[in-house]
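Assemble the whole structure, with the sequences as input and the hints as a guide.
For reference, the chains in residue letters:
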Amino acid sequence: MAINEEKGRQLLLRSLEESLSAEEQAELLAALAGSENLRREQQQLGKMRSLLANLQPPTAPDFPDRLMIQLRERQQEARIITWVTRVAAAGLLIVALALLNLYWTEGSLDTDTILGLESLSPNDALTLMDY
Amino acid sequence: MPSALQLVERARKGDQSAFRLLVVQHERLVRATVMGMLGDTAEADDVCQEVFIRFYQSLSKFRGESEVGTYLCRIAINLCINEGKRRQRKTRWLSALGQEGHSEDREDPGRNPERQELEDTLRKALQQIDPEFRVVVVLRLIDGYSVKETAEILELPQGTIASRLARGQQKLREILEKWL
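Line by line, the protein sequences are chains A and B.
With this note's numbering, the residue at position 94 of the first sequence is 94, and numbering never jumps.
With this note's numbering, the residue at position 134 of the second sequence is 265, and numbering never jumps.
Be careful, since some hints might not be right.
Stated by the list, open to error - Straight-line alpha carbon distances no greater than 30 Å define the calculated DSS-like cross-link-like pairs of lysine-lysine that follow:
hint, chain 1, residue 1, chain 2, residue 2
1, A, K47, B, K279
2, A, K7, B, K192
3, A, K7, B, K279
4, B, K302, B, K279
5, B, K144, B, K216
6, B, K192, B, K302
7, B, K216, B, K255
8, B, K221, B, K255
9, B, K221, B, K192
10, B, K279, B, K192
11, B, K255, B, K279
12, B, K255, B, K192
13, B, K255, A, K47
14, B, K279, B, K216
15, B, K309, B, K255
16, B, K144, B, K221
17, A, K7, A, K47
18, B, K302, A, K47
19, B, K221, A, K47
20, B, K216, A, K7
Unchecked claim - Selected chain B positions facing chain A (in silico; Cβ < 10 Å):
hint, residue
21, M132
22, L136
23, R151
24, V154
25, M166
26, D171
27, Q188
28, R254
29, I260
30, E263
31, S277
32, R304
33, E308
34, W310
35, L311
Said to hold, decoys possible - Covered stretches of chain B (in silico footprint by chain A; criterion: 3 or more residues with CB under 8 Å from a CB of chain A, positions within the stretch not fixed):
hint, stretch
36, 173-187
37, 243-253
38, 264-273
39, 292-301
Quick caveat, the hints were computed from the structure, so don't treat them as lab data.
Beta carbons: idealized from backbone N, C-alpha and C, even for Gly.
Written out as structure tokens, the structure is:
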């Protein structure tokens with residue numbers, strides 16, 4: 001009997017979503033007729049499915065307006081991020097071009113070249129001291 | 132009344148009033164999905180907002196191969212799964228610190244108390260079943276998608292959906308037994 005009930009339970013659950021064959025339908029009916037548990041489960045499942053189908057989410061009348069405000073804020077943030085990224089990229093490009101130009105004219109990118117010390121002589125230091 | 136696809140087309144061209152209409156049309160579906168997955172919590176409202184923001188950001192990618200509602204449900208489910216993981220991490224941290232880590236359920240004072248109690252019980256029961264069963268129960272039994280549509284949304288075989296639905300319903304019935 002227990003095996004019949006378990007099989008009946010599976011058929012019951014399947015019957016909620018699909019149509020059973022005539023043979024399976026007869027088996028389910030027999031299982032239901034023979035088991036009070038199964039009849040109670042059938043009733044509970046029906047009630048539960050109906051409650052779930054009618055489960056209404058709480059309404060939020062201001063939701064679309066709040067969302068549109070949030071959306072505009074995000075768009076503004078995205079614009080600022082894009083602008084900052086572009087400025088940073090432009091800055092990096094300028095530095096890269098300046099270094100390339102230096103390398104092209106001086107043939108080196110060591111610290112002295114970058115600081116402009118390579119072309120200074122000791123006399124330049126003395127000249128500076130005269131000032 | 133313009134169709135959802137016409138509204139998407141207009142929203143894509145920058146018409147925010149068209150997007151607002153899409154929100155009005157689909158808010159209930161998104162809210163039902165998110166609240167089914169997360170319960171009636173403050174985070175649920177944030178996730179609902181995030182669903183529409185993600186949709187807005189991906190308007191250019193939306194080809195209309197699926198319904199707008201289906202597309203939104205997919206986004207909602209993904210965000211709810213992420214939120215669930217975030218909650219788990221938070222709970223772990225809080226329990227490590229010796230504090231409780233649960234989200235506060237909200238009450239709507241304008242609703243029938245008996246109805247609210249029943250709905251709260253249902254939502255709490257949903258939170259007690261595994262997310263893999265819960266998502267199927269939410270899409271099939273709350274949102275009303277068919278098994279085939281649920282399978283498409285979750286990108287799983289129909290057989291898997293059917294068996295998860297059966298197990299999910301069975302678990303939920305056991306939890307709710309004294310209420311039914």
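Against the structure, the hints:
Restraint check for K47/A and K279/B: satisfied, since their Cα atoms lie roughly 23 Å apart, inside the 30 Å limit. Taking the CA atoms of K7/A and K192/B, the gap is about 47 Å. The hint is violated against a cut of 30 Å. For a cut-off of 30 Å, the pair hint linking K7/A to K279/B stands: about 24 Å separates their Cα positions. A hinted pair counts as satisfied when its Cα atoms are at most 30 Å apart, and K302/B with K279/B qualifies at roughly 22 Å.
A distance of roughly 35 Å separates the Cα atoms of K144/B and K216/B; the hinted pair therefore is violated under the 30 Å criterion. For the given pair, K192/B sits about 38 Å from K302/B by alpha-carbon distance, which is inconsistent with the 30 Å threshold. For the proposed pair K216/B and K255/B, the alpha carbon gap of about 18 Å is at most 30 Å, so the pair holds. With a C-alpha separation of about 19 Å, the suggested pair K221/B and K255/B falls inside the 30 Å cut-off, and the hint holds.
Our distance criterion of 30 Å between C-alpha atoms is broken by K221/B and K192/B, whose separation comes to about 33 Å. Simply put, K279/B and K192/B have alpha-carbon atoms about 24 Å apart, close enough for the 30 Å limit, and the pair holds. Restraint check for K255/B and K279/B: satisfied, since their Cα atoms lie roughly 27 Å apart, inside the 30 Å limit. Annotation: proposed proximity of K255/B to K192/B is violated, straight-line Cα distance about 36 Å (limit 30 Å).
Of the supplied pair hints, the one linking K255/B and K47/A holds, its CA atoms being roughly 17 Å apart against a limit of 30 Å. With a CA separation close to 27 Å, the supplied pair K279/B and K216/B stays within the 30 Å bound. Using a Cα cut-off of 30 Å, the hinted pair K309/B and K255/B holds, with the two alpha carbons roughly 14 Å apart. As the CA atoms of K144/B and K221/B are separated by approximately 40 Å, the hinted pair breaks the 30 Å bound.
With a C-alpha separation of about 21 Å, the suggested pairing of K7/A with K47/A holds against the 30 Å cut-off. About 15 Å separates the Cα atoms of K302/B and K47/A, which keeps this hinted pair within 30 Å; it holds. With a C-alpha separation of about 35 Å, the suggested pairing of K221/B with K47/A is violated against the 30 Å cut-off. A hinted pair counts as satisfied when its Cα atoms are at most 30 Å apart, and K216/B with K7/A does not qualify at roughly 36 Å.
Here the hint on M132/B is broken, as its CB sits about 16 Å from the closest CB of chain A, past 10 Å. With a cut of 10 Å, the hint placing L136/B at the interface with chain A is violated, because the nearest CB-to-CB distance is about 19 Å. Given the 10 Å rule on beta carbons, the hint for R151/B holds: about 5 Å separates it from the nearest Cβ of chain A. With a cut of 10 Å, the hint placing V154/B at the interface with chain A holds, because the nearest CB-to-CB distance is about 5 Å.
With 10 Å as the threshold, the beta carbon of M166/B comes within range of chain A, its nearest partner Cβ sitting at about 5 Å, so the hint holds. With its C-beta approaching chain A no nearer than about 6 Å, D171/B sits inside the 10 Å limit, and its interface hint holds. A distance limit of 10 Å between C-beta atoms decides the matter here; for Q188/B the minimum to chain A is near 8 Å, and the interface restraint holds. Because the smallest distance between the Cβ of R254/B and any Cβ of chain A comes to about 8 Å, under 10 Å, the interface hint for this residue holds.
Taking 10 Å as the C-beta cut-off, the interface hint given for I260/B is violated, the closest approach to chain A being about 12 Å. Violation of the interface hint for E263/B is found here, the shortest Cβ-Cβ separation to chain A being roughly 17 Å, above the 10 Å cut-off. Among the interface hints, the one on S277/B holds; its C-beta lies about 9 Å from the nearest C-beta in chain A, closer than the 10 Å criterion. Taking 10 Å as the C-beta contact cut-off toward chain A, the hint placing R304/B at the interface holds, the least distance being around 5 Å.
The interface hint given for E308/B holds, since its Cβ lies 7 Å from the closest Cβ of chain A, which is under the 10 Å cut-off. Because the smallest distance between the Cβ of W310/B and any Cβ of chain A comes to about 9 Å, under 10 Å, the interface hint for this residue holds. A distance limit of 10 Å between C-beta atoms decides the matter here; for L311/B the minimum to chain A is near 4 Å, and the interface restraint holds. Counting residues of the stretch 173-187 of chain B whose beta carbon lies closer than 8 Å to any beta carbon of chain A gives 6, which meets the minimum of three for the stated coverage.
Counting residues of the stretch 243-253 of chain B whose beta carbon lies closer than 8 Å to any beta carbon of chain A gives 3, which meets the minimum of three for the stated coverage. Three residues within the 8 Å Cβ limit are the bar, and the stretch 264-273 of chain B against chain A gives 3, so the coverage statement holds. For the stretch 292-301 of chain B, the assignment as covered by chain A holds, since 5 residues bring a beta-carbon within under 8 Å of that chain's beta-carbons and 3 suffice.
Of the numbered hints listed earlier, those contradicted by the structure are 2, 5, 6, 9, 12, 16, 19, 20, 21, 22, 29 and 30.
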